[in-house]
Amino acid sequence: MYYLRSTFAVAQQTFLLLLRNRLLWLLLLAELACLAIGVVAGTFAPPREDGRALYVQLGYWLFCFVLAPWVSMFFAIQVVHGDIEDRTFQYLFLRPVRRSALLLGKWLAVAALCGAALALGVALLFVAITLPGSRWIGTPEWQLVPVFAGTTAAAAVAYTAIATWFAARFRRPLVWAAMFLVGLQHAIAFLPAQASLRVITVADPVRRILYRSLDLEPRLARDLWPTEREWRPELVGQPELNLLLIVVISLALGLWVYCRSEYDSRPRE
Amino acid sequence: MTADGDSVLLAFANVSKWYGQVSALMDVTLACGAEVVGLVGRNGAGKSTLMKLACGLLTPSQGAVTVCGLSPARPAARALLGFCPELERLYERVSGRQFVAWMLRLHGRSGRAAWARAGEVLEQLGLGQHMHRRIGEYSKGMRQRVRLAQALAHGPRVVLLDEPMTGLDPVARHEMAEHIHALARTGVGVLVSSHVLHELEAMVDRVALIHQGRLLAEGTVHELRGQLRGQPHRLRLRSVAPRELAAALLGFEQVASVGVTADAIEVGVTGEPGFYGALTALAAEPRGLVDEVVPLDDSLASVFGYLVG
Chain A
1 MYYLRSTFAV
11 AQQTFLLLLR
21 NRLLWLLLLA
31 ELACLAIGVV
41 AGTFAPPRED
51 GRALYVQLGY
61 WLFCFVLAPW
71 VSMFFAIQVV
81 HGDIEDRTFQ
91 YLFLRPVRRS
101 ALLLGKWLAV
111 AALCGAALAL
121 GVALLFVAIT
131 LPGSRWIGTP
141 EWQLVPVFAG
151 TTAAAAVAYT
161 AIATWFAARF
171 RRPLVWAAMF
181 LVGLQHAIAF
191 LPAQASLRVI
201 TVADPVRRIL
211 YRSLDLEPRL
221 ARDLWPTERE
231 WRPELVGQPE
241 LNLLLIVVIS
251 LALGLWVYCR
261 SEYDSRPRE
Chain B
270 MTADGDSVLL
280 AFANVSKWYG
290 QVSALMDVTL
300 ACGAEVVGLV
310 GRNGAGKSTL
320 MKLACGLLTP
330 SQGAVTVCGL
340 SPARPAARAL
350 LGFCPELERL
360 YERVSGRQFV
370 AWMLRLHGRS
380 GRAAWARAGE
390 VLEQLGLGQH
400 MHRRIGEYSK
410 GMRQRVRLAQ
420 ALAHGPRVVL
430 LDEPMTGLDP
440 VARHEMAEHI
450 HALARTGVGV
460 LVSSHVLHEL
470 EAMVDRVALI
480 HQGRLLAEGT
490 VHELRGQLRG
500 QPHRLRLRSV
510 APRELAAALL
520 GFEQVASVGV
530 TADAIEVGVT
540 GEPGFYGALT
550 ALAAEPRGLV
560 DEVVPLDDSL
570 ASVFGYLVG
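Residue numbers (the working numbering), protein chains in the order written: chain A, 1 to 269; chain B, 270 to 578.
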């Protein structure tokens with residue numbers, strides 16, 4: 001019980017600190033830029049791109065593929081690695097609280113903030129696309145909003161878990177995060193379905209969650225997975241389990257390192 | 270003098286610490302009871318490493334550290350510890366009161382109790398008027414008080430203060446010394462490091478001298494000075510006839526230098542044995558050449574200087 005209480009106390013404190021972080025303005029700007037793209041696309045896209053196609057493509061590419069990974073990993077690294085770098089972690093490590101509770105609390109806070117901000121952003125994207133005029137065949141499909149909000153939030157949770165591990169383990173976690181996103185994720189997540197290596201990325205399970213939830217028509221399915229020419233529903237697999245495994249393994253590795261490290265005396269890489 | 274076995278609050282038993290091939294501490298044994306123990310050493314001597322070992326931020330490579338009989342790796346031991354690091358950074362965007370209250374919440378206090386206690390401690394440390402301002406706006410001295418407040422707020426049994434005087438003005442230094450003394454009176458063990466040796470000397474009960482990771486000596490300043498009879502040192506001898514006294518002393522082979530003033534002379538002694546016997550004999554002569562003997566080097570700085578060369 002004390003463990004849970006301290007975890008939530010750390011989460012609350014981290015959340016309040018995050019709200020005072022000036023870098024939140026960057027997140028706001030990034031989201032505004034995405035919304036502006038939504039308005040422009042809603043106004044000028046060719047007529048064959050109806051509201052559903054526009055929202056699915058922009059929602060996936062802008063939010064799930066670009067904003068969610070970069071924003072979530074950046075903020076998680078700020079939160080976990082920031083106090084290791086400036087050594088304020090000493091104030092926390094002195095308390096009668098297990099280090100695992102400290103790390104879990106920080107992760108909970110950053111995952112909640114990023115998840116909520118991105119879910120709100122992807123919901124506003126729907127409004128941005130819909131506002132310029134009726135692009136929808138029939139009425140706007142509002143049911144897409146919770147699907148995208150939930151999926152983007154789940155992506156944020158997974159990315160923050162990976163970043164938490166990087167931040168606990170490496171001296172330059174942002175470099176590792178960039179290598180993960182550009183070098184690994186972008187290269188592997190778009191391999192054809194037979195390459196099961198895809199499951200070690202976040203982009204792939206996130207896309208498969210969308211496939212299952214949205215029941216995509218073949219053209220839209222191909223737009224989200226260009227290398228997979230013959231999309232079939234059975235290719236979805238168990239994306240939630242894949243995502244959960246990524247979160248659990250990343251957090252376990254992060255906790256293992258964080259609880260054992262002497263951050264004052266770490267050798268330079 | 271060392272802390273009794275029963276009253277030991279903080280103990281280092283044959284503690285060594287290596288960073289890879291580099292040895293930071295070698296076989297340090299030290300105990301601290303409800304008293305103020307000063308830690309003296311040059312930069313890189315191992316003072317901060319010793320403190321971080323005491324609060325569990327580092328693990329000893331060899332030997333054991335205990336806080337009230339518990340390993341500092343255990344949360345129960347950390348509940349009994351307060352550490353004021355030398356660190357400059359704090360949580361810049363929150364107020365002093367909020368920072369201290371947050372730290373208290375991690376000691377299991379409710380939000381309301383933590384908030385009230387934080388205000389109380391900051392008030393005691395003279396930060397009452399400024400406790401609601403952001404830490405980023407604080408002066409060095411105010412930041413130092415906040416650091417001290419987070420170390421004391423939860424009522425620890427052992428307090429570790431790494432350079433607590435840094436950035437404080439003379440009045441604040443005096444107040445800080447009073448706070449430290451008051452802590453020891455309430456049964457708290459205090460281990461304090463400082464480069465300002467004369468201030469440290471005034472506030473500590475015992476001193477531990479650390480050099481190149483080794484504990485060179487420990488005891489009161491006077492005891493340490495007593496161990497240094499064989500070292501060169503200086504004396505001031507007051508006399509009604511200083512020139513005559515100087516002439517007599519120049520005949521001593523242990524006297525390296527003599528300086529004469531109006532009513533006294535300053536003598537540099539090599540440290541070889543026999544000087545004090547000869548001086549006693551000279552003072553006992555009917556001429557009454559020696560009125561008073563005052564050691565000029567009986568300070569912590571001198572002792573430290575002698576020990577580390």
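There's no promise every hint is true.
Part of the chain B face toward chain A, derived, beta carbon under 8 Å [to be verified]:
#1 326
#2 328
#3 332
#4 352
#5 371
#6 374
#7 375
#8 495
#9 558
#10 562
#11 563
Please keep in mind that the hints were generated in silico from the structure rather than gathered at the bench. Using N, Cα and C, we set each Cβ at its ideal position, and we do this for glycine too.
Now the hints, each set against the structure:
1. 326: holds, 6 Å
2. 328: holds, 7 Å
3. 332: violated, 16 Å
4. 352: holds, 5 Å
5. 371: With a closest approach of 5 Å, the residue 371 of chain B hint holds.
6. 374: Holds - the Cβ of residue 374 of chain B comes within 8 Å of chain A, reaching about 5 Å at its closest.
7. 375: holds, 4 Å
8. 495: Interface hint status for residue 495 of chain B: violated (37 Å vs cutoff 8 Å).
9. 558: violated, 58 Å
10. 562: violated, 48 Å
11. 563: Violated. Min distance 44 Å.
The structure fails to meet hints 3, 8, 9, 10, 11 from the earlier list, while all remaining hints are met.
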